[in-house]
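Engineer: If you read the sequence shown in our numbering, its first letter stands for residue 213, the second for the next number, and so on.
Warning: the hint list may mix true and false statements.
[Stated by the list, open to error] Below, computed lysine to aspartate or glutamate pairings styled on DMTMM-like, alpha-carbon distance capped at 25 Å:
#1 K230 to D291
#2 K293 to D341
#3 K230 to E311
#4 K392 to E403
#5 K230 to D261
#6 K230 to D309
#7 K293 to D309
#8 K392 to D242
#9 K293 to D261
#10 K230 to E215
#11 K230 to D294
Treat the hints as calculated values from the structure; they're not laboratory data.
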Amino acid sequence: MSELTILRAAHYPRMPWKNGGGSTEEITRDNAAAGAALDGFGWRVSIADISASGDFSRFAGYQRIITVLQGDGMVLRVDGKDSRALLPFDAFAFSGDSEVASELLGGAIRDFNLIYSPQRFRARFQWFDGILPVTLFTSADTALVFSACDDLQVRIAGHEAQMLGIYDSVQLSTQGQLVKVGLAGRCCVIELSAV
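Go ahead and model the full structure; you've got the sequences and the hints to work with.
Structural biologist: This is the structure we're talking about:
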């Protein structure tokens, strides 16, 4: 049977950025990671608060996917080239090896991040707008449902229905089984499997 863990936003630990320029709330990371090291993990999911334009930390050997959650948005300068304007719930992927700086389009923003090693994990990252309920099936080693609304309804086969508040998450270990997941509300689903 699949294993399910509820992760509440109120309990996410806050840790400093690798470059010392701010802090992040870590939602979860792979079990292979030891302690609070800022590298060496296979994957990590987090929320960051960016109060001013500036440089991003480098994560050599990793792939990154970022989504603005709150605020006017930003433009990222990646290896000297500007991204499109990144507005709320518009995911953008880039290499952790890249030189990256943010230019905020207004005031402070809050963003949602996946960082993973593509040599060790395959990742799928999807946003659902919550207009209509969604049903999906996953056999990923780990699936994470991240709530971007106050009342996300999550139904995972074999488990009681869950109600998540804003920025709460459900982490699911499928143990190789195909698992049915029903969602009603704005959310992101991340699926991660070892290569």
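Engineer: Each of the hints needs a verdict: does it hold here or not?
Structural biologist: Status of the hints after comparison with the structure:
no.	hint	in the structure
1	K230 to D291	holds (19 Å)
2	K293 to D341	violated (29 Å)
3	K230 to E311	holds (14 Å)
4	K392 to E403	holds (13 Å)
5	K230 to D261	holds (14 Å)
6	K230 to D309	holds (14 Å)
7	K293 to D309	holds (14 Å)
8	K392 to D242	holds (22 Å)
9	K293 to D261	holds (23 Å)
10	K230 to E215	violated (31 Å)
11	K230 to D294	holds (23 Å)
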